[in-house]
Amino acid sequence: MNTDSLSPIILTLVTFVPLAGAMLLLLLPRRARDIRVFALVVSLLTFVLSLHLPVYFRQPSAGFQFEINKPWISAPNIHYHMGIDGISLWLVVLTTFLTPLCVLISWHSVEERVKEFFILLLLLETALIGVFTSLDLFLFYFFWEATLVPMALLIGIFGHEQKVYAAVKFFMYTMIASVFMLAAILWLYAHTGTFDFVAIRDLITSGAIPKFPTAAKWLFLGFFLAFAVKVPLFPFHTWLPDAHVEAPTAGSVLLAAVLLKMGTYGLLRFNLGLFPEQSRQNAWWIMVLAVIGIIYGALVAMVQPNMKKLIAYSSVSHLGFVVLGIFSFTQAGLNGAMFVMLAHGISTGALFMLAGILHERRHTYEISEFGGLASPMPVYAASYLFIVLASIGLPLLNGFIGEFLVLSGAFQARPVYAILGATGVIWSAIYLLWMYQRVFFGKVTNAVNNSLTDLSEVEKWAVWPCAVAALVMGVAPILWLSAIDSAVHSALTPFVHVASRMVGP
Amino acid sequence: MNPNLNLWLIPVLPLAGAAINGFFGKKSSRQAITIVALFFCGAAFACALWVAARFSSLSLPYQEFFAHWIRSGPFSADFSFYLDQLSLVMLLVVTGVGFLIHIYSVGYMCDDPGYYRFFSYLNLFMFFMLTLVLSGNYLQMFIGWEGVGLASYLLIGYWFTKDSAASAGKKAFIVNRVGDFGFLIALFLLIKHFGSLNFTQVFDAVKPISPETAGVGLLTTIGILLMVGACGKSAQIPLYVWLPDAMEGPTPVSALIHAATMVTAGVYMVARSHVIFERAPIALTVVAIIGTLTAFFAATIGIAQTDIKRVLAYSTVSQLGYMFLACGVGAFSAGIFHLMTHAFFKGLLFLAAGSVIHAIGGEQDMRKMGGLRTKIPWTFWTMTAGTLAIAGIPGFAGFFSKDEILWKAYQASWAYWLVGLITAFITSFYMFRLWFLTFFGQYRGEADSTRAVHDAHSAHGHGGIHESPKVMVIPLVILALLSVIGGYVGVPSSLGGNNHFDRFLGPVFGSTLPAESQNPAIGEKRTSERETEGTEPKTETSTELMFTGISVLAALLGFGLAWLLYYRSPDLPDRIAARFSVAYDTLVHKYYVDEFYAAVFVKPLINFSTRILWQDVDRKVIDAAVDDAGYGAEHVSDDVRHMQSGNIRSYAGWVAAGSALVIAFMVWMGVR
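For the record, the sequence lines run as chains A and B. Residue numbers for the first sequence follow the working numbering, beginning at 1 and rising by one. Residue numbers for the second sequence follow the working numbering, beginning at 1001 and rising by one.
By construction, these hints were calculated from the structure, which means they are not laboratory data. Treat the hints loosely; a few may be bogus.
[Stated by the list, open to error] Subject to a maximum C-alpha distance of 30 angstroms in a straight line, what follows is the list of computed DSS-like cross-link-like pairs (lysine-lysine): (1) B:Lys-1470 to B:Lys-1620; (2) B:Lys-1162 to A:Lys-460; (3) A:Lys-460 to B:Lys-1026.
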């Protein structure tokens, strides 16, 4: 059979196979081991299916591929419209790559309500993939909000001490912000009669929407607010540390690696795609917030006594790079922003797994509880160091490529912002290496830690794929950049005159 | 057309060694680990020699494309290799000295439980260092640049259960990152204005630009930012503070990374970028001043240190200062010459110091040494060769290179020369101090070797003071030979030589300035010198000879003073220290620079981040606002909830009120 014949339905398959798996899980008896194996099989199947996308992705191509567009509801006019370009392609693969690893990392750490846990995890995967594949605004909003429920439940049921507070805060905060986006989407529908992203974009470009010029400012802000909270951009970030600290490991991994990227993806796809003029006008203060986020997130991360909070604040810093790159409107800046999204997904996802592994053994994230762990846990320590190096942007690992491109792009547009952002290379080294030293070096001060076991086989299978991915992305970024580059190029077409003006002397 | 040299193999070979030992070393025998580590490092050296043998038949610069790396719009950076006279010198120094130090390490680290880890890191270092010197563009150079920093971090913190070692490794990495920040901004400027980071493209684009004599322009900014990077990697003021602490690493590491090779990367980078620097006189002046000041300050600190490795560490900082001074006055080939001789004699000095430490069971405090001359004769004689070389005693390697730098410095400004000369005197003094304290007088250590663990060799088993095994002595002897004869490749014409070294590097550093815009301060003098070499006027030669005489005198004075204080009347130093206690304490505490940085940067930053940013801004302002909004909504809802009381009469009341409102509204609309 010609596998290319899958192409018309591949996005549907990739999106809904996890959902089907979750349904089947409902029927399975409550035998923990079977449930885990089944969840692993489903998530691996989804990953394998998703590999169809990069394999059959036509390059260079600016438009959407693997499109499917069928009427779903006639009134209101909602279509089942899906498709991906070089921007969403890798975010889908990132999601499907990390979900099996999340299953593995939860293998032993989730002992109660195993069935519910993996059902929620698979539901979450469907919702996340749906966000990146939808090209109908209603469909997009549906998936967008659908991610909230399983994630909030994962935090609220399977989390730690203050799980309910964190779950409610996460849910309410991001939900309320999303309402503004809903309002903007409904305005667009009321004035265009369609939810279709491509159609709306074309209408806006051709100036066919009568009241658009006056409303555009508010529409831009409506989308922006929803995305900025999700990113999270300073000062909308305070839900993140709480959610992370309370979330179970798999929840944290998907939260940091994929859920936050929904925000930056949204900024790139909708704010830049639909409102280029407004994006340009508002870029300066958004970049200010991004730079503040980079420095502020890093400095606050530096002084956290809790390992998971430290990683959470470091995400604020890294996502600041993404926003900085997006609003530089330069080819390098956007390429870099995309690459940071993927790199941060891999390395921060892995950092959360590693933190979870420690929590499983000691039931604490307090850095001061540890020290000298490199002696009892050498393999763990080496794996951790590798991921730390990826995260602080050592060349030949994934973090460097993205940060370098973002900063060089931002430097072309606004040098001062880039210079301030570039201090991030110093901060990240400080907060991560300092934490690493306190956890792993020195003598074992806390006798309990002497008997800690090193990485188990399952844990190796969860963490090492991330390490391999970090290395491959750092050595051969071109595998990712080629698809990203052309998509970014077309995303920037409305900005060309802006960019050329800024590059000048 | 050049043949394909497959230069990529040279860095990749040690990488393979690092990977094999890193992944499988834990379960391998020591012998297997040794074979792997030495084979892959030796193979890289052999390749380098093979390249050197074919060098004369190449058309230079030789370039080799290996693979695409980054593509982003019009910008691209590839894995590519670049070979010219400068990279060849670096290649031979790195692989040659590196291989010797690998051999030495087999003996020095033989009892260490992390043997495989050590050699894996050491091979990894070779990979990154060779990537750095063979790179064809700035971004690949940055791979090596950061990578050697990583290797340095791993090796300084090699004995990670020791807190001081772990802290020193972290400090090295972070301070280097401060420098890298400057380097990165320089790269962004290059991308923005020249659209590329390839050496050939950047330099071709820079060549038509005339020197920025008027003020700080683009090239000056780039030059200064590159120098910021070099200050980090090559331990110059104000970023030198990590290098003395780096002595926490095993001694072979100090020799290889923190003396002979890695720390010279900054000098190499500045020399590589000479096309830019030649057009940025202000940036060159900055380089020269930083180099001169560092040379002097580090040397003065070296006087008062008692740890044998720390003396050598400050000496390294100081000697690196000389190299930057040379670059700063436009004498790039003199800087590279000193880089090479320094790699020989400083590598030797560290290895010999390691041999001393090995001999007396891990002691590094010179106050507990003495009289070792007869007990470890090989170490003594090789170290003597190194000491004579660094002190600038005529005939030894350091003499020729340092003398050339001082002469070139004088041509730029007498102030550089004077400070350099005083530094030469101090250098000679502290080195002979070390020499006398270690090898002469009475042994001041404890009789048996049951002292505290300090280095790898505390519990060595064969107690008593003993000479090192052959595997350690042979590298010492080879390096000692190089320290004696290594300078003869660059004997200046004033001493009847031909300065082959300068001529060899000539094609690299030959002035690239367009003829009409020759910079009188640097360019003209250098070109005219090179062109008229051998036919110089007699007066010039005699002046140069006179200056040579003055530097020799300074070196001898240093020896004499050390002899007086540490051999003739050894109680004198204590009396002097007591008499000038303030000055002495300042030197012992290294001018309190570490304390200053801690008080001005580290502590305020941590306090600010903890108190203001985290506890105040984050918790009390932003998050409290979020929570308050939540609770506020809850209160409002709570009040509104009472509307739904279940009481029919109250509902009727609400309906009536609502109707009244609607009617009122309609009436009002109707009135309008």
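Against the structure, the hints come out as follows:
no., hint, result
1, B:Lys-1470 to B:Lys-1620, "violated, 66 angstroms"
2, B:Lys-1162 to A:Lys-460, "holds, 28 angstroms"
3, A:Lys-460 to B:Lys-1026, "holds, 18 angstroms"
The structure is inconsistent with hint 1 alone, although it conforms to all the rest.
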